[in-house]
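S.K.: Given next are the chains, with one letter for each unit.
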Amino acid sequence: MFLGRIPYRRRRLRDAARLLPLFGLFFLLLPLLWSPPGNEGRRFSGDLVYLFGLWVGMIVLAAAIAPGLSRRDGEPDEDED
Amino acid sequence: MPFNLLVLACITYVILLFLVAFLVESRARRGRLGWLRSPLVYTLSLSIYCTAWTFYGAVGYAARSGLEYLTIYFGPTLVFIGWWWVLRKLVRIGRQHRVTSIADLISARFGKSNLLGVIVTLMAVVATTPYIALQLQSVVLSFGVFAEHAPDGSAPLGADPTAIWVAAGLALFTILFGTRNLDAKEQHHGIVTAIAVEAVVKLFALIAVGIFVVWGLAGGVSGMMQRIDASAITGWAMNPGRWTGLILLAGVAVICLPRMFHVLVVENYDEGHLARASWAFPAYLMLMSLFIVPIAVMGMERLPAGSNPDMFVLTLPLTEGQGALAMLAFLGGFSSATSMVIVEAIALATMVSNHIVLPVWLRLRPAGAISEDVRAVVLNARRVSIGVVLAMGYGYYHVSGGSAALASIGLIAFAGVAQFLPAMIGGIFWRGATRVGAIAGLIVGFAVWAYALFLPSFGPDAVFPAGLLADGPAGIGWLRPQALFGSDGMDPLIHALFWSLFLNGTAFFLGSVVTFPGPVERLQGAAFVNVFEGPLRPRGLGGGHVEPEALLVMAQHILGDEAAQTLFEEAARAQGKRQSILPDPTPAFVSDLEQRLSGSVGAATAHAMIANVTGQGTVTVDDLMTVARESAQLMEYSAQLENQREELARTATALREANDKLTQLSVQKDAFLSQISHELRTPMTSIRAFSEILAEGDLPPAMVARSGRIIQDESRRLTRLLDDLLDLSVLESGKVQLTLGLANLREMIDRSIQAAEQVKPETRFVILRDLAAESLFLRTDADRLTQVFINLISNARKYCDAPQPEIRIAVKMKAGRVRIDIADNGSGIPKDAQGLIFEKFGRLPGEMRAKGAGLGLAICREIVANLGGTIAYLPGQGGAAFRIVLPLRLEAKAA
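As you go down the protein sequences, you meet chains U and Y in turn.
Position 3 of the first sequence, counting from 1, maps to 3 under this note's numbering, and the rest follow consecutively.
Position 794 of the second sequence, counting from 1, maps to 794 under this note's numbering, and the rest follow consecutively.
In short, the hints are calculated from the structure, not lab data.
Virtual Cβ for every residue (Gly too), placed ideally from N, Cα, C.
There could be a bad hint or two in this list.
[Stated by the list, open to error] Each pair of labels, with its calculated beta carbon distance range:
| no. | chain 1 | residue 1 | chain 2 | residue 2 | range |
| --- | --- | --- | --- | --- | --- |
| 1 | Y | Gly306 | U | Gly57 | 22 to 30 Å |
| 2 | Y | Thr566 | U | Gly57 | 33 to 41 Å |
| 3 | U | Tyr50 | Y | Arg64 | 16 to 24 Å |
| 4 | U | Gly57 | Y | Val360 | 50 to 58 Å |
| 5 | Y | Pro240 | U | Gly57 | 17 to 25 Å |
| 6 | Y | Glu533 | U | Gly57 | 31 to 39 Å |
| 7 | Y | Asp229 | U | Gly57 | 47 to 55 Å |
| 8 | U | Gly57 | Y | Pro161 | 14 to 22 Å |
| 9 | Y | Arg64 | U | Gly57 | 38 to 46 Å |
| 10 | U | Tyr50 | Y | Gly306 | 29 to 37 Å |
| 11 | Y | Val360 | U | Tyr50 | 48 to 56 Å |
| 12 | U | Gly57 | Y | Val384 | 42 to 50 Å |
| 13 | Y | Pro304 | U | Gly57 | 36 to 44 Å |
| 14 | Y | Ile15 | U | Tyr50 | 42 to 50 Å |
Input sequences plus hints: build the corresponding full structure.
M.R.: Dropping the structure here:
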């Protein structure tokens with residue numbers, strides 16, 4: 001029922017891996033809600049930088065999480081705490 | 001740039017790919033893959049997601065619809081960084097069940113149903129053939145661009161012949177390296193590596209063009225940004241429906257496209273590679289799309305109005321006079337198109353041969369064992385299928401005439417394969433999903449997709465008459481293809497996606513809920529959904545008898561002689577057979593074999609073939625229940641065995657203890673016998689000696705008197721010894737007759753002290769007593785208890801060696817019991833002798849031989865035990881001390 005430090009960390013890492021795409025989706029849909037001040041329309045390059053910045057952020061986070069997840073260990077794979 | 005040079009470069013590039021594939025294949029055959037099976041190659045092979053449609057078309061897409069092209073990459077990015085949700089399970093299932101295609105996965109999940117395999121195969125062929133045509137078109141278009149820019153204006157080939165040549169070349173390559181062998185795991189190392197090379201080429205090409213555009217033409221990043229903001233591209237407005245819908249669609253397509261499923265699941269060599277690809281593949285996509293907007297903006301700025309934005313990647317370097325760069329870009333586009341076509345053709349051909357050709361072939365043959373070489377049939381079927389798929393692609397291209405309708409076919413194909421989603425995801429996460437539900441969902445979804453999106457996409461009056469599109473069939477307004485159920489004004493793609501997936505999912509759900517799955521279906525469902533809980537095999541099904549030889553013959557025809565014999569021999573060794581290479585056809589072996597075969601011909605066909613040989617075509621729910629019951633019984637039985645084992649262990653321990661005790665008793669008995677003979681012999685010896693002296697006569701009277709006294713003393717001692725022994729044996733046997741009655745403890749102690757005074761009467765003892773505490777009445781056998789007291793007090797008198805000897809008698813009542821301590825102030829009993837004193841003849845070592853045989857304390861112990869109490873030596877009292885604990889009231893024993 002209670003895990004040691006390392007398996008516990010690994011479980012939380014899984015939680016992070018599960019949440020990451022949800023956060024990503026949220027931030028991808030966020031531009032739909034913006035309406036720029038004034039009425040001259042949004043700056044295209046601003047959107048471009050935002051989206052690519054978000055993209056790089058997601059990749060970096062995924063790269064940070066992935067090595068810890070792929071490590072094989074003796075404990076059973078599934079899942080529930 | 002001369003056109004011939006382009007053709008030459010093209011051919012050189014293709015030869016290079018052939019060489020790569022060939023070298024890797026030969027290395028693979030020698031089992032030396034090494035880094036060729038690294039996460040890097042896996043990630044790069046996934047890049048077939050980026051087809052020519054993305055290579056060329058993304059720029060056109062951006063020029064027309066701004067940033068919307070990014071959604072095509074965001075969907076896969078989300079799916080990959082969320083690999084822990086779906087991809088991990090898909091890959092694990094694919095590896096564990098040796099899945100050969102997406103049709104195989106769905107068919108295997110729903111009870112190895114071949115009907116489902118056929119449906120999925122047909123849908124995949126219909127949805128992706130136009131997509132293949134699109135790739136051919138892009139190659140033809142890019143050739144056209146070069147022909148246009150060629151200085152001599154010579155274009156040796158027309159559009160159609162180019163397409164034929166490309167299609168034929170691709171078919172050749174795919175057949176050569178895609179059907180080389182019938183790998184049990186359906187993996188093609190040569191092709192995967194060639195695709196990885198192509199992935200590098202197209203990424204490199206696109207980035208090179210991008211760098212040229214940003215730093216060569218626009219003058220750096222800030223200059224580029226200004227041009228972007230000044231460009232017409234900014235007129236684009238984000239459409240929430242399309243933005244969200246396309247992210248979803250692309251995310252679905254990346255797992256449902258047959259070619260993506262093939263590289264992602266079937267060609268997966270190591271599950272660990274997926275973890276790396278989870279971020280590396282999004283990174284690849286990000287790099288691929290990084291320079292799309294700059295190229296589009298610069299193309300719109302520099303090129304004459306009306307030029308095709310889909311070809312900006314080529315035309316921009318060409319008009320700027322960068323021939324080499326254009327050549328590189330051309331090769332990039334060529335790579336994108338060819339790699340996609342190759343993998344798509346393999347994936348489709350595998351599905352067609354495993355789910356359509358083989359079942360038909362099996363059905364047509366007379367029943368009985370498989371006699372011909374199935375491998376040849378499968379491989380030929382696959383070769384023909386590849387040819388047919390490419391021919392269909394070319395035919396489609398030819399018929400549609402490279403029209404603008406093709407341009408949008410990419411997303412339409414995405415929406416078509418997205419119909420696999422409910423059956424696939426439902427199948428691997430929901431045990432309740434059934435075959436009927438899957439079939440219903442697939443057919444409904446596919447029909448809606450074709451009606452609302454695919455067929456109308458050819459334009460009015462092409463397939464559907466314009467009137468039908470505008471007013472619905474027979475004027476029924478709510479059935480208008482692009483405004484189903486009155487949902488007017490939606491984007492046609494999103495409209496079709498929404499309705500098809502919704503109705504598909506609903507039909508899948510309802511069909512699953514109201515039907516009852518067959519037994520194989522339930523087994524497979526459990527095995528797929530619970531794939532992480534270890535392999536679950538349908539063991540022990542059916543009772544069909546099977547000849548292992550027949551199985552071997554069949555396996556040889558599918559796996560090849562060598563591989564099949566090795567497999568059988570290993571199984572035989574594992575079963576402990578040393579001589580024969582034929583293992584017993586246990587259910588475990590048969591189901592293993594079936595899984596191996598399914599890696600070659602698909603689960604449904606493998607199942608049918610095994611059933612053909614074993615003659616157990618059908619498994620009933622009753623069979624399943626029997627298996628479940630049997631395993632429950634087995635478990636119960638083993639639990640019983642475990643209990644019995646424990647009981648045996650307990651009995652053995654008890655027996656061992658009893659044996660130890662018996663041995664000990666036997667030793668004690670021997671010791672007792674030798675002791676008693678010794679004790680009897682000593683007085684006997686003196687009696688005999690003196691009686692002999694007396695018998696000689698003629699002795700002085702003093703001598704006679706002395707001898708007589710000695711004889712008398714010794715006989716008395718003998719008698720006492722025998723009395724004691726008798727007493728002890730009566731006490732020990734528990735047959736002693738107790739006379740119970742109320743008695744005053746003080747009186748008993750008084751009597752005992754008096755009686756003991758005859759021992760060493762010359763010594764004065766101080767007796768310390770607590771008369772008040774002693775004044776209590778016990779219900780016990782007073783005479784016996786007094787005997788104990790006398791014994792203890794006599795012993796104290798006898799052995800106490802203090803100069804001013806004293807005896808303490810302390811009495812205390814506690815919890816219905818009386819505690820009597822009798823202690824002296826002598827030197828006590830040494831520690832190591834304390835355990836002995838209550839034993840028979842247990843005299844202290846070095847003890848001066850006193851009167852009595854050393855039975856006193858043994859008798860005391862027996863008496864106290866008979867009185868329901870205990871007696872023990874009490875150490876640490878400054879002398880010898882004994883503690884007697886007795887019940888206040890001793891109840892007479894029953895009977």
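S.K.: For this structure, which hints from the list above don't hold up?
M.R.: Violated hints: 1, 2, 7, 8 and 9; rest satisfied.
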